[in-house]
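Listed in order, the protein sequences are those of chains A and B. With numbering that gives the first Met the number 0 as the guide, the letters of the first sequence map in order to residues 0 to 328. With numbering that gives the first Met the number 0 as the guide, the letters of the second sequence map in order to residues 0 to 90.
Hints were generated in silico from the structure; no laboratory data involved. Please note that a few of the clues may not be correct.
[Unchecked claim] Facing chain A, a subset of chain B residues (Cβ under 10 Å, in silico): (1) Gly-6; (2) Leu-18; (3) Ser-19; (4) Ala-20; (5) Lys-42; (6) Val-54; (7) Glu-60; (8) Asp-66; (9) Cys-70.
[Said to hold, decoys possible] Distance condition first, Cα-Cα at most 25 Å in a straight line; then the derived BS3-like pairs of lysine-lysine: (10) A:Lys-310 <-> B:Lys-42; (11) A:Lys-20 <-> B:Lys-42; (12) A:Lys-11 <-> B:Lys-8; (13) A:Lys-324 <-> A:Lys-301; (14) B:Lys-34 <-> A:Lys-246.
C-beta atoms are modelled at their ideal positions from N, C-alpha and C, and glycine is treated no differently.
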Amino acid sequence: MVAKAVWRPDIKELARIEGQKRPVESGHRLCAGCGAGIIIRQIAMAARKPLVWINATGCVEVATTIFPYTSWNIPWAHNAFENAAAVGSGVEAARKKLARVNRFDVDPDVELDYDVIVLGGDGGTYDIGLQAISGAFERRHKIMYVLYDNEAYMNTGIQRSGGTPFGARTTTTPVGKVIKGKPLFKKPIMDIMVAHGIPYAATVSPAYWNDALVKFRKGFEAEGPAFIHAFSTCPLGWGSAPEDTVKIMKLAVETCVFPLYEVVDGEYRLTGPSVSIAKNPDRKKPVEEYLKLQGRFRHMFKPENKWMIEKFQEWVDRQWETLLKRAGY
Amino acid sequence: MSTPMVGWKDLPMAAVPFLSAREYPTGEWAVFQPKIDESKCVKCGLCWMYCPDSVYRWDGESVPVPDLDHCKGCGICATECPTKAIEMVRI
Numbered sequence: 000m001v002a003k004a005v006w007r008p009d010i011k012e013l014a015r016i017e018g019q020k021r022p023v024e025s026g027h028r029l030c031a032g033c034g035a036g037i038i039i040r041q042i043a044m045a046a047r048k049p050l051v052w053i054n055a056t057g058c059v060e061v062a063t064t065i066f067p068y069t070s071w072n073i074p075w076a077h078n079a080f081e082n083a084a085a086v087g088s089g090v091e092a093a094r095k096k097l098a099r100v101n102r103f104d105v106d107p108d109v110e111l112d113y114d115v116i117v118l119g120g121d122g123g124t125y126d127i128g129l130q131a132i133s134g135a136f137e138r139r140h141k142i143m144y145v146l147y148d149n150e151a152y153m154n155t156g157i158q159r160s161g162g163t164p165f166g167a168r169t170t171t172t173p174v175g176k177v178i179k180g181k182p183l184f185k186k187p188i189m190d191i192m193v194a195h196g197i198p199y200a201a202t203v204s205p206a207y208w209n210d211a212l213v214k215f216r217k218g219f220e221a222e223g224p225a226f227i228h229a230f231s232t233c234p235l236g237w238g239s240a241p242e243d244t245v246k247i248m249k250l251a252v253e254t255c256v257f258p259l260y261e262v263v264d265g266e267y268r269l270t271g272p273s274v275s276i277a278k279n280p281d282r283k284k285p286v287e288e289y290l291k292l293q294g295r296f297r298h299m300f301k302p303e304n305k306w307m308i309e310k311f312q313e314w315v316d317r318q319w320e321t322l323l324k325r326a327g328y
Numbered sequence: 000m001s002t003p004m005v006g007w008k009d010l011p012m013a014a015v016p017f018l019s020a021r022e023y024p025t026g027e028w029a030v031f032q033p034k035i036d037e038s039k040c041v042k043c044g045l046c047w048m049y050c051p052d053s054v055y056r057w058d059g060e061s062v063p064v065p066d067l068d069h070c071k072g073c074g075i076c077a078t079e080c081p082t083k084a085i086e087m088v089r090i
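Build out the structure end to end from the sequences listed, making use of the hints.
Written out as structure tokens, the structure reads:
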């Protein structure tokens with residue numbers, strides 16, 4: 000169950016609070032125009048309690064804590080790809096134990112009222128860390144797992160992952176005579192996570208910041224594990240212009256490549272611009288608009304590869320139809 | 000290297016970064032950096048919200064001020080500004 004009162008984020012108040020606390024400090028070495036930089040700021044803005052941040056290996060981990068510098072002004076720990084959710088579970092379970100042995104009275108400096116956030120990239124979530132997340136969700140630890148999905152192993156040099164979409168060029172699925180980008184489709188990670196019966200799951204595009212902040216807050220307030228799938232543009236790996244980061248995040252929602260919805264106790268509900276697209280199907284843009292801004296899909300626009308765009312569109316339509324049915328449209 | 004090697008028992012338990020990233024000037028990467036036309040700014044705060052590098056300082060009332068020591072010059076703020084008050088200028 001999620002708390003009923005809806006939080007309405009006020010951008011001016013958020014700016015004042017962030018200016019005082021500075022949870023994520025400037026000077027980290029994410030690429031110019033990295034979408035993950037926006038996501039980590041928005042998570043910290045939406046927090047209502049002190050945060051304990053568990054970070055799986057990935058771009059965010061590597062770029063924000065290059066020795067001896069750190070960007071974090073909040074408690075933060077780095078873990079391997081595969082055990083981030085397990086460490087998050089441990090941190091959450093430690094609070095229960097400490098409360099039970101009344102440690103709080105012994106040492107008044109120990110803050111026990113905190114939220115645990117686990118952040119992982121698509122490599123650490125779709126592929127390597129999947130079983131630890133599954134275990135943590137099965138044990139009903141009160142953690143929020145945020146997946147920032149830049150659709151390949153960008154940090155190690157753009158290798159394909161389970162989250163890479165159809166046709167995308169990566170260094171392990173190059174475009175040539177035999178294959179033209181990744182021949183397979185993206186893994187339906189949201190369906191897998193929803194199947195665990197968790198109280199809250201949602202997709203987030205940071206370009207729609209209001210929607211994103213509300214969902215992060217609901218994830219923190221959920222009574223049990225929460226899963227958030229955040230869409231993160233990667234200018235380096237996607238071959239897009241750094242200034243188009245937020246534009247691509249918006250287009251992904253408008254073309255229904257990445258529809259915005261939340262699943263509360265198994266009930267699907269569309270949010271933000273996806274609602275207006277569901278009510279008014281003319282507003283759904285063709286996928287070309289999303290694909291053409293990215294160098295990794297450039298080969299699709301050659302005349303002989305037109306079937307790839309059609310196949311991509313067909314996949315998007317099928318996913319969207321399924322979602323509409325689930326949400327009751 | 001004149002300092003003697005330290006044994007493993009003398010090393011800290013884990014790698015703990017101890018300097019704030021603020022001391023690392025990522026602004027050196029930039030080719031273009033934002034310049035705000037204060038007369039066009041409507042103080043909506045979108046540049047502050049969409050900045051991946053927490054570069055904008057904004058108290059919620061006045062015109063946001065970019066911290067050019069850390070701005071990498073991605074240009075998201077200039078693209079997303081609804082009144083086109085931000086211009087990317089070559090430095």
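Structure-based check of each hint:
For the restraint placing Gly-6 (chain B) at the interface with chain A, the shortest Cβ-Cβ distance is roughly 20 Å, beyond the 10 Å limit, so the hint is violated. Taken as an interface hint, Leu-18 (chain B) checks out: its beta carbon lies about 5 Å from the nearest beta carbon of chain A, inside 10 Å. For Ser-19 (chain B), the interface hint holds, since its Cβ comes within 10 Å of a Cβ in chain A; the closest pair sits about 6 Å apart. Taken as an interface hint, Ala-20 (chain B) checks out: its beta carbon lies about 3 Å from the nearest beta carbon of chain A, inside 10 Å.
Given the 10 Å rule on beta carbons, the hint for Lys-42 (chain B) holds: about 9 Å separates it from the nearest Cβ of chain A. For the restraint placing Val-54 (chain B) at the interface with chain A, the shortest Cβ-Cβ distance is roughly 6 Å, inside the 10 Å limit, so the hint holds. Checking Glu-60 (chain B) against chain A by beta carbon gives a least distance of about 7 Å; that is within 10 Å, so the hint holds. Nearest Cβ of chain A to the Cβ of Asp-66 (chain B): about 6 Å, under the 10 Å cut. The hint holds.
Against a cut-off of 10 Å between C-beta atoms, the interface hint on Cys-70 (chain B) holds, since the closest Cβ of chain A lies about 8 Å away. Between Lys-310 (chain A) and Lys-42 (chain B) the CA atoms are separated by roughly 43 Å; this puts the pair beyond 25 Å, and the hint is violated. About 21 Å separates the Cα atoms of Lys-20 (chain A) and Lys-42 (chain B), which keeps this hinted pair within 25 Å; it holds. As the CA atoms of Lys-11 (chain A) and Lys-8 (chain B) are separated by approximately 50 Å, the hinted pair breaks the 25 Å bound.
About 34 Å separates the Cα atoms of Lys-324 (chain A) and Lys-301 (chain A), which puts this hinted pair outside 25 Å; it is violated. Proposed proximity of Lys-34 (chain B) and Lys-246 (chain A) is supported: the alpha carbons are some 21 Å apart, at most 25 Å.
In the structure shown, a violation is registered for the earlier hints numbered 1, 10, 12, 13, in ascending order.
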